[in-house]
Amino acid sequence: MALFETRGLTKRFLGVTAVDGVDLAVEAGELVSLIGPNGSGKTTLFNCVTGYLAPDGGRVLFRGQDVTGAAPHRIARLGVGRTFQLVSVFPRLSALENLLTFLQQHQEERFFGRLLRAPGVRRLEAAAVERARSLLDSVGLGARERAPAGTLSYGQRKLLAFAAALMPDPELLLLDEPAAAVNPTMIEQMKAQIRALHRAGKTVLLVEHNMDVVMDISQRVVVLDHGQKIAEGPPEAVRRDPKVIEAYFGR
Amino acid sequence: MRGVRWVAGGAALIAVPWLVAAVLPGQQRYILHVLVFTALFGALALSYDLVVGHVGSLSLAHPAFFGVGAYGAALLATEARWPFAAALAAGLVLAGLAALVVGVPMFRLTEHSFAMGTLGLALVTQIVATNWVDFTRGPLCVTGIPKPQVGDFRITTLPGFYWMGLATLGLVALLYHGLTTFRLGRAFHAVRDNETLASSAAIDPLRYRMLAFTIAGALAGGVGALYASYVGVLCPGELSVSLSVNLLVMLFLGGVGSLRGVVVGAAAFTALPEVLRMAPTWRMVIYGLLLLVIVIRVPDGLEGVLQRRTGRRRGPAPGA
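Which chain is which? The protein sequence lines are A and B, in order.
Numbering of the first sequence is given in the numbering used here, commencing with residue 1 and proceeding in unit increments.
Numbering of the second sequence is given in the numbering used here, commencing with residue 1 and proceeding in unit increments.
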C-alpha cells in the first residue's frame with residue numbers, strides 16, 4: 001500500500017480545471033518530484049492534499065485513510081508536513097520559538113497542563129528545545145535562535161521554514177519550491193538537507209522548477225501539464241519524453 | 001532580588017489606602033475612587049488584550065460581554081436575591097457562554113467584517129439593555145445593587161473596594177500571564193502572525209481564537225459584575241461603543257500585547273483626565289493632544305518607552 005495516494009483528484013476554479021483527475025502514489029521512503037510548466041496545477045495539488053483547498057472530485061489517502069477535505073491542522077497532525085512557496089515564518093516569534101511551535105501540538109494538547117506548566121509539559125518542552133536547537137544547527141542558524149524570524153534574510157527564513165517543517169518528524173514532507181529564489185550555495189545546502197532526509201528513510205514529495213535540483217536528487221519524477229499527469233518515471237526517461245519536451249518548449 | 005522587589009511592590013500597593021490617608025487626608029475618597037476604577041478597567045483592558053493583542057482579532061464586542069456580566073449579576077442580585085458570590089459567578093459564566101455562542105459565527109468573518117460584526121453585537125446588546133424595560137428597567141437603570149458580601153465578610157468602605165479591585169487586577173494579570181506565555185501563548189501568537197502557517201503546524205486557528213475570545217468574554221463579565229456592585233447603579237449607557245474606544249486607547253497607549261503596557265495604559269487613561277481637572281476648560285483638549293503625540297511619537301505605546309529606558313528588550317516586541 002502506498003503511504004500517500006491521490007485518486008482522480010480534481011480542482012476547478014471558475015470553470016478552469018486546475019487539477020484534472022490526477023492519480024499519484026508515493027511509496028514510503030520515496031523521493032518524488034512534481035514538475036510542470038507554470039500554471040500546471042502543482043501548488044493547487046499540494047493545497048488540495050494538505051487541506052487548504054477542498055477538492056471538487058477524487059480522493060486523498062494517507063496510509064490508506066481517506067483524508068479528502070479534512071482541515072489543514074488535522075492533516076498536519078497525522079504526520080504530513082509542508083512548506084510554502086512564498087517563504088513563510090512567524091515574523092514576531094524568535095527562530096527557536098518558530099520551531100517549537102511546530103512540535104507542541106504533536107506532543108500534548110491539554111489546556112490546564114499548558115496553563116499551569118505541569119512537570120510533564122515542562123519535560124516535553126525541554127525535549128522540544130533540544131530538538132529545535134539541533135535542527136537550527138543543522139541548517140546553520142544555531143547562532144540566530146533568539147532573533148525574531150522577521151529579521152532574518154530571505155534565504156535564512158527559507159531554511160528556518162524548512163527546519164520548522166521537520167520539527168514533528170513528519171512521515172511525509174511536501175516541499176513547495178525549496179530552491180526558488182535562493183542563491184547557489186544555499187541550493188547546494190538545501191539539496192544536501194533533502195538527500196539526508198531521504199537517507200533517513202523519510203518520504204518526500206517535491207515541487208520544484210530548478211531542473212538541476214530535480215534531476216539530481218529525485219528517484220522518480222511526475223509531470224503535470226494543464227492539471228493532467230502527462231508523464232511519470234525515472235528522471236532520465238522523463239527528461240527525454242517527447243510529451244514533456246512539448247509541454248515545456250511547445251511543439 | 002526579584003522576589004524581594006515583588007514583595008515590596010505588592011506591600012506598597014496594599015498599603016496605598018493608608019499612604020493616601022497619611023499624605024492627602026482630604027483627598028482620600030477621591031483618590032481611592034479613581035484607583036478602584038483604574039484597577040477594574042485595567043483588568044477589563046487585560047481581558048480585551050487577550051483577543052486584540054494575542055490572537056490579533058479586532059473585536060468590538062467587549063462592552064457586550066461586560067454588559068451581560070454586569071446586568072446578569074445585578075439583576076440576579078436585586079430581583080432574584082442571589083448572594084453576591086453566586087451572582088458574580090453567574091455573570092462570569094453568562095458572559096463566557098455569550099462569547100462562546102456568538103464567537104463561532106463571528107470568527108467565520110475575516111478582519112474588517114469581524115470588527116463590523118462584533119460592533120453590531122455591541123450595539124444590539126446596548127439596544128436590548130435600553131429598550132427591554134420590563135427586564136432591564138431600561139433608562140431607569142438597575143438601582144440598589146447590593147455591595148459584595150461573602151458570609152459575614154462585607155465590602156462597604158472605599159479601601160475595601162480598592163483591595164477588591166487590586167485582587168481582581170492581580171488575578172486577571174496572573175491568568176493573562178499564564179495564557180500568553182509558554183506553549184499557549186506561542187500558539188496564540190502563531191495564529192495571530194500567520195494563520196495559514198499555524199495550521200500547517202497542526203494548530204487549529206479557530207480553536208485558539210475561540211479559547212481567547214471565550215476567556216476574555218467571561219473575564220469581562222466578571223469585571224462587569226464587580227463594577228455594578230461597586231457603583232450600585234447600572235445604566236445602559238455603560239455598555240456604549242465608547243467603552244470599546246476607551247479600551248482600544250488603553251491598549252494602544254500602553255502597548256498592545258504587553259501585560260505591563262496594558263496596565264500602564266489603563267492607569268494613564270483613567271488617571272490622566274482626573275489630573276487634568278486642574279485646567280477644566282482645556283482638559284479634554286490637552287488630553288486629546290497628549291494622546292495624539294503619544295500615538296505619533298511612540299506607536300508601540302508606553303511599554304516601548306519603558307523598554308527602551310530600562311534597555312531590556314526580551315525577544316521580539318509583541319506589539320500590534
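Calculated from the structure, these hints are not laboratory results.
Treat the numbers as computed from the prediction; the structure is a model and nothing was measured.
Honestly, I wouldn't trust all of these hints.
[Unchecked claim] What the simulated footprint calls covered on chain A by chain B, stretch by stretch (three residues with Cβ under 8 Å from a Cβ of chain B suffice, anywhere in the stretch; the number is not a length):
1. 27-40
2. 43-50
3. 65-73
4. 90-98
For glycine and all other residues, C-beta sits at the position ideal for the given N, C-alpha and C.
Verification of the supplied hints:
| no. | hint | verdict |
| --- | --- | --- |
| 1 | 27-40 | violated (count 0) |
| 2 | 43-50 | violated (count 1) |
| 3 | 65-73 | holds (count 3) |
| 4 | 90-98 | holds (count 6) |
Of the hints listed earlier, those the structure fails to meet are numbers 1, 2, in rising order.
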